[in-house]
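Participant: The listed protein sequences correspond, in order, to chains A and B. If you count the first sequence from 1, position 4 lands on 4 in the UniProt record's numbering, and the numbers rise without skipping. If you count the second sequence from 1, position 278 lands on 278 in the UniProt record's numbering, and the numbers rise without skipping.
Covered by chain B, according to a simulated footprint, are these stretches of chain A (three or more residues, beta-carbon under 8 Å):
#1 49–60
#2 168–174
#3 334–340
If you're looking for bench data, these hints aren't it; they were derived computationally from the structure. In this text, a Cβ means the ideal position worked out from N, Cα and C, and glycines have one as well.
Protein chains: 2
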Amino acid sequence: MRPTVHDIAAAAGVSLATVDRVLNRRPGVRHVTREKVETAIRQLGYIRDVAAANLAKGRTYPLVFILPASDNSFMHGLNGEIRQAILRSAAERTDIRTIEVPAFDPAALVAMLEELSREKPCGVAMVATDAPEVCATVDKLVHAGFPIVTLVSDLTGSLRHHYAGVDNIAAGRTAARLLGRFLGPRKGEIAVLAGSMLVRDHRERLEGFTAVMAEEFPDLAILPVLEGRDDPEIAHMLVADALSRNAGIVGVYSLGAGNRGLIRALKEKAVDRTLTVIAHELTVHTRAALIDNTIDAILNQDAGHEVRSAIRVLKAKADGLPVIDAQERIRLDIFLKDNLP
Amino acid sequence: MRPTVHDIAAAAGVSLATVDRVLNRRPGVRHVTREKVETAIRQLGYIRDVAAANLAKGRTYPLVFILPASDNSFMHGLNGEIRQAILRSAAERTDIRTIEVPAFDPAALVAMLEELSREKPCGVAMVATDAPEVCATVDKLVHAGFPIVTLVSDLTGSLRHHYAGVDNIAAGRTAARLLGRFLGPRKGEIAVLAGSMLVRDHRERLEGFTAVMAEEFPDLAILPVLEGRDDPEIAHMLVADALSRNAGIVGVYSLGAGNRGLIRALKEKAVDRTLTVIAHELTVHTRAALIDNTIDAILNQDAGHEVRSAIRVLKAKADGLPVIDAQERIRLDIFLKDNLP
DNA sequence: CTGTTAGCGCTTTCAA
DNA sequence: TTGAAAGCGCTAACAG
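Put together the whole structure using the sequences plus the hints.
Facilitator: Below, the structure written as structure tokens:
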């Protein structure tokens with residue numbers, strides 16, 4: 001049988017309360033006593049039963065998710081996954097709340113974080129807008145002892161405990177290689193559709209994409225980036241315009257959201273052309289387009305995994321427990337029409 | 001506050017013991033009493049605290065993993081992941097044991113299952129050898145109330161509770177499309193290296209592969225399958241021989257293990273040729289080959305995910321709890337040199 | 001500084 | 001067929 005607090009108390013010749021104080025690093029224990037208890041813990045190979053501790057404490061984990069108020073399929077999906085997690089709250093002892101802040105607005109995010117810091121949730125997961133003032137605020141909260149994880153988009157050089165999202169540079173590089181290999185010996189121009197160069201994930205995807213394109217596929221030229229603000233209408237206009245204007249386009253990389261507009265433009269303007277298209281995020285729209293061959297490959301991040309991972313990590317950090325790194329790594333899913341889930 | 005057994009007892013006007021009997025479907029409760037308790041449970045929206053129940057029961061989960069005694073990197077990796085899980089046993093209340101049986105040997109597997117059924121583990125995870133007698137034994141155990149999940153390779157038409165592995169038909173299809181798209185307009189022949197057509201996962205991969213090849217890439221002809229028995233030496237010999245003998249080979253699909261031998265053969269015989277190669281399972285060998293361009297893409301199943309998933313599912317089934325399907329779906333990882341973990 | 005005691009929510013004897 | 005009471009491993013008052 002695993003040793004319990006009782007065994008340690010007996011072995012160290014102290015009471016349960018003292019063992020508990022040592023275990024929880026609470027003050028009010030003489031140094032020598034603490035030593036005795038710690039020795040006993042080590043000798044007996046004591047492992048604390050977290051479930052029992054949580055039961056005794058009546059512990060719950062109040063968590064907050066901060067999301068941008070963006071109206072695209074990916075964010076809707078992310079929201080849905082959080083709702084699923086809320087349904088599991090009872091079993092997981094969590095108490096999850098989501099807050100929306102204006103997208104691409106560092107000041108709003110900072111204000112919200114400041115406000116949250118007063119009500120002491122035991123963890124915060126946020127889709128970060130990558131700005132110095134956000135970073136500074138996050139660092140302040142981390143120093144004050146708040147577990148914080150970034151979700152989907154990371155925060156450059158901040159002290160956040162964890163990032164639950166994909167490696168976007170790798171994503172861009174992968175998109176480039178797929179596009180380059182699929183096009184084979186063809187020469188021509190590549191149109192790139194992004195949301196905004198103000199968010200780090202989009203910048204990083206572009207960075208990875210252009211790097212591999214330049215290194216390995218010099219016959220393919222990247223056209224100036226189209227910024228569609230993750231909005232289907234704007235995306236449609238930009239892509240339709242580019243396709244009408246430029247007959248040399250052989251491939252498209254859509255690294256942001258708003259793919260509904262992209263797909264419409266492709267169907268209107270490119271039925272007669274053999275375009276190779278890579279897009280991000282699996283949604284009802286991109287899925288249909290993959291199946292009807294409008295899109296050739298979809299790069300995806302699993303929003304459900306991101307949400308579950310953020311919760312696991314925040315709980316673990318709140319308890320000072322380790323996480324299983326491999327389990328928390330968010331992979332870049334590559335979907336062809338054959339391996340759709 | 002969530003309602004507890006006390007609240008239900010009070011509401012139903014019975015004692016804790018009776019509530020407990022109803023909750024755990026134990027006999028010795030009059031029908032009317034049971035009704036009363038069940039009504040109270042429903043009305044108060046009672047949700048049982050599994051952690052507290054496990055504490056009171058001192059419950060642990062004795063689990064058994066049955067693996068084939070195969071000496072290849074993938075099985076070593078799988079073993080390693082199980083060892084990791086064993087290290088987490090204390091925290092997860094598991095008690096995990098692994099058993100090796102001869103590979104591709106239905107009789108041995110059946111004998112082991114029979115033996116296990118006597119010692120009542122609360123769950124079994126097994127790499128299945130796909131044979132009718134195995135299926136029959138599994139069905140018998142399932143009927144007797146044993147949670148059983150198949151791992152890596154599934155069991156046709158059996159009653160196993162869950163399969164923790166990838167969709168191998170989809171894997172084969174994906175391999176075909178990648179190979180076809182990478183080769184583009186080139187015509188030629190495709191060599192296929194498998195382990196054995198006696199295991200279901202290999203058969204399925206081949207099935208998916210040939211289907212897409214036939215439908216979509218008629219200019220590429222599939223050569224008769226080379227069966228390397230997942231052994232690097234045999235694989236080396238077969239592939240080296242095929243390459244020397246046939247100058248028309250433009251692509252290779254390795255759907256089993258033993259890739260060490262394949263890679264050696266490629267380096268010896270194909271330095272001067274531009275072969276496109278797709279292989280399964282990320283190991284130190286395939287990773288290196290991907291990086292030095294000997295292999296173009298690797299399809300992978302995450303052994304760590306498979307093991308963790310099998311454990312979660314077995315525990316849930318043992319307790320009659322639901323699982324999160326999306327979390328337990330094992331995806332087909334596609335690795336190019338840019339998105340290696 | 002340290003110990004005693006009464007729970008957390010659930011299960012399990014043992015009696016009635 | 002039912003109930004009372006004693007725990008599971010840990011924490012949290014409250015005394016001393």
